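Protein chains in written order, with my numbering: chain A, 1 to 115; chain B, 116 to 226.
Hints were generated in silico from the structure; no laboratory data involved. Predicted model, so just to flag it, every value in this text is computed and none were measured. A few of these clues could be false.
When the alpha-carbon atoms are kept at most 27 Å apart in a straight line, the in silico BS3-like pairs for lysine-lysine are as follows [what the hints assert, rightly or not]:
#, chain 1, residue 1, chain 2, residue 2
1, A, K42, B, K182
2, B, K185, A, K42
3, A, K41, B, K151
4, B, K185, B, K151
5, A, K41, A, K14
6, A, K66, A, K20
7, B, K151, A, K42
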Amino acid sequence: GAVVSQHPSRVICKSGTSVKIECRSLDFQATTMFWYRQFPKKSLMLMATSNEGSKATYEQGVEKDKFLINHASLTLSTLTVTSAHPEDSSFYICSALLVGEETQYFGPGTRLLVL
Amino acid sequence: GEDVEQSLFLSVREGDSSVINCTYTDSSSTYLYWYKQEPGAGLQLLTYIFSNMDMKQDQRLTVLLNKKDKHLSLRIADTQTGDSAIYFCAESEGSASKIIFGSGTRLSIRP
Numbered sequence: 001g002a003v004v005s006q007h008p009s010r011v012i013c014k015s016g017t018s019v020k021i022e023c024r025s026l027d028f029q030a031t032t033m034f035w036y037r038q039f040p041k042k043s044l045m046l047m048a049t050s051n052e053g054s055k056a057t058y059e060q061g062v063e064k065d066k067f068l069i070n071h072a073s074l075t076l077s078t079l080t081v082t083s084a085h086p087e088d089s090s091f092y093i094c095s096a097l098l099v100g101e102e103t104q105y106f107g108p109g110t111r112l113l114v115l
Numbered sequence: 116g117e118d119v120e121q122s123l124f125l126s127v128r129e130g131d132s133s134v135i136n137c138t139y140t141d142s143s144s145t146y147l148y149w150y151k152q153e154p155g156a157g158l159q160l161l162t163y164i165f166s167n168m169d170m171k172q173d174q175r176l177t178v179l180l181n182k183k184d185k186h187l188s189l190r191i192a193d194t195q196t197g198d199s200a201i202y203f204c205a206e207s208e209g210s211a212s213k214i215i216f217g218s219g220t221r222l223s224i225r226p
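One chain only, chain A, in its complex shape:
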């Protein structure tokens, strides 16, 4: 089946540092990946749509300079949280679109804690 991995699974960093989160489709190619954010006991909110070889499309209210997305290959998208602050602490989940099966497969998520 289609498997999506994320790395790291959890990360703790100091305020002001940058953190990179990787999302990989392990056994399929994904031209489109999505990045979601989930606050404690809340639903997932789409942050941006990542398209291989082109710029990401950000949702309203999401700062593109703060949340840098790079989709350099058909199996890897990265989300970099720049100059992280405590309010960026959250659960970040990516998904990858399996073309032909018409469904998104979700990664296990990355828990970010900014101190």
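For chain A, the structure is supplied; the task is to place chain B on it using the hints.
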């Protein structure tokens, strides 16, 4: 705008059926999903239904769709302790479109 709503909590006795309800507002919704999230984990797609269907059954899971009322439900037969999780209702206009999630229903099982 797009909105998906569901109740926050549901408690059922082990062995009974669980019914989780959801309403949505987007009339352009094509795909309607149910995802399961266990504590500290990512999302697991349980099932999805196309908007031109009114029912889909998969083993213990039954999805009912009332498109006129924009109401979706998930029935879990013979609920087990392993079914304890948060269940998210979600919709999208297409497979490559963003998915709009509800707030999630926390299902707890009592003996």
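Against the structure, the hints:
For the hint pairing A/K42 with B/K182, the CA-to-CA distance comes to about 26 Å; that is within 27 Å, so the pair holds. Note on B/K185 and A/K42: the hinted pairing holds, with a Cα-Cα distance of about 22 Å set against a maximum of 27 Å. Only pairs whose Cα atoms come within 27 Å are accepted, and A/K41 paired with B/K151 is accepted, the gap being roughly 14 Å. About 21 Å separates the Cα atoms of B/K185 and B/K151, which keeps this hinted pair within 27 Å; it holds.
Between A/K41 and A/K14 the alpha-carbon distance is near 24 Å, which keeps this suggested pair within the 27 Å criterion. Of the pairs offered as hints, the one joining A/K66 and A/K20 holds, with about 12 Å between alpha carbons and a cut-off of 27 Å not exceeded. Restraint check for B/K151 and A/K42: the C-alpha separation of about 14 Å stays at or below 27 Å, so the hint holds.
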